[in-house]
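Q: Chain by chain, the residues run as shown.
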Amino acid sequence: MMTPYLTDLAQRDDTGRFQHLASHLLLTTGAPTNWGQLASSVPSSLGLAKASALRPYELDTDKVTRLNSENIYSLAYSELWQALGVKDVSFQIEIRTLFQLSIELLSNLTQGDQRVYEFEVTTSESGLPISTRLSSYVVLRDFVNETVSSTSSDGVGTFEIGIPNSVNGTALLLVFAQATINPQMVSLGTYSLGHNSDDPLPNATFTRLSPLNYVLNATLNYATVEISKAQIFTFSYNFSLSLNTQGAQTVEYSVPHLLDASPIVMVLTGVNGSTSFAEFVAYPQTPLQIGAKFDESIAGSRIIVYRHTVTINSALYEVVTKWGGLSGDV
Amino acid sequence: MFDRKGQIRIIESFLAIAVVFSAMLVSVTFPSAPDLSKQKSLASMGTQTLLTLDTNGTLGNLILQQNWSDIKTVLDILLPAGVSFNLTVCDENGIAVNSEAIQNSNLLGREAVSVQYVCATRSQTVQFFVVRLQLAWMG
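Heads up: the protein sequence lines correspond to chains A and W, in order.
If you read the first sequence in this note's numbering, its first letter stands for residue 550, the second for the next number, and so on.
If you read the second sequence in this note's numbering, its first letter stands for residue 17, the second for the next number, and so on.
Hints in this document: simulated from the structure, not taken from any laboratory.
Glycine included, C-beta positions come from ideal geometry on N, C-alpha and C.
Be aware that a few hints might be false.
[As the list claims (entries may be wrong)] Using C-beta positions, here's what the derived DEER-type ranges look like:
hint : chain 1 : residue 1 : chain 2 : residue 2 : range
1    : W       : 113       : A       : 845       : 46 to 52 Å
2    : W       : 121       : A       : 743       : 43 to 49 Å
3    : W       : 108       : A       : 566       : 39 to 45 Å
Just chain A, same shape as in the assembly:
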């Protein structure tokens, strides 16, 4: 007869405990406080907050980046679990922009000596349209073209961008969308197309890009890869990156500290034999998801989900943490 009450009490304790763990993860720096910047360091205590944060829920760009398994300096879930130090709890961390952005190619027409591509961009959150200012860049080899436009109150906007026919290869379109109601809400979308060439290969085919501590490490996947240009893009700025060091199959570039409330995207263009490429990485390296695979857990196991809005590099992101009993993922 008392079972429902006892179960209820136990679950309530779990909720409170998981809530404290979620807050602890986002409000503390962990140890050492600069573990994000130390490429080979595994934290002894897990916390994602920036060491000199001006406000609560301000996360460190590098700590977040090291949660992304595509980065060569990333931490494994088992290392994060050990650092959290709570043996009977599994967790999952997901970080993404506050709203979604989708890109669709509407048409492409040859006009004089260039091909003009028309794109439609949709910005929304859970079906709610969001009015935004758009800053779009197209990158192909050494060619860069920028277009400024917007999405209206229905969250839809179109723009045209021209690429000269004198160049050919993989063209990368980057679209930054800044919500008109709050410039800290920025989302990012990418679209690759073959300009006067075959369809492009997936991102990270030729290089593995790993930003950390304001240095971009590019590991070349083939000895024949040649990089022609490295560039940085934000909502308001774009310029070339300066070369730091160059090894046999590794190149490093210095990344400047920018005050723009925007994700940073770095693009490397180059060739591998006769194939041109334009590959990119975001810094902080989001979207990401790491941790226990709760979707594959036994049905009926209790999972608590928390959603927080955080600040990373002056822009707002959404962090979803999931908490449950110990699973077999560690």
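Given the structure of chain A, go ahead and fit chain W onto it with the hints provided.
A: Frame of chain A, contents of chain W only:
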């Protein structure tokens, strides 16, 4: 004599069954105490949302512009889809200044929490507003 004893035993067993059933009924229908940790989680989410909205002066600017629809939109983005909200903006005297409701659904009949936040505008003449955000889980 033997028949009387038997009748008493039968009455006793009926009484025992009645006690067990009534206890089970009570356990099913008796309302459990409100889940305080869920309420705390909502309150914490509400405070964090208002803090986030105020970090770059957006909240104060929208209030000064009396742009109630944009305040609703920004709350729609920052709060999870399963949360109902109702926001009231009061001046220094506690009088509501928002001319239209800033809410995504009605909170009537729901277990709601309320958080209050004092917002100072970043205009040349600083104005103070008390922002009251009520939140409840949907469904």
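Q: Does each hint hold? Answer for all of them.
A: Hints and how they fare:
1. 113(W) - 845(A): 46 to 52 Å: Holds, at about 51 Å.
2. 121(W) - 743(A): 43 to 49 Å: holds, 47 Å
3. 108(W) - 566(A): 39 to 45 Å: For residue 566(A) against residue 108(W), whose Cβ atoms are near 40 Å apart, the range 39 to 45 Å holds.
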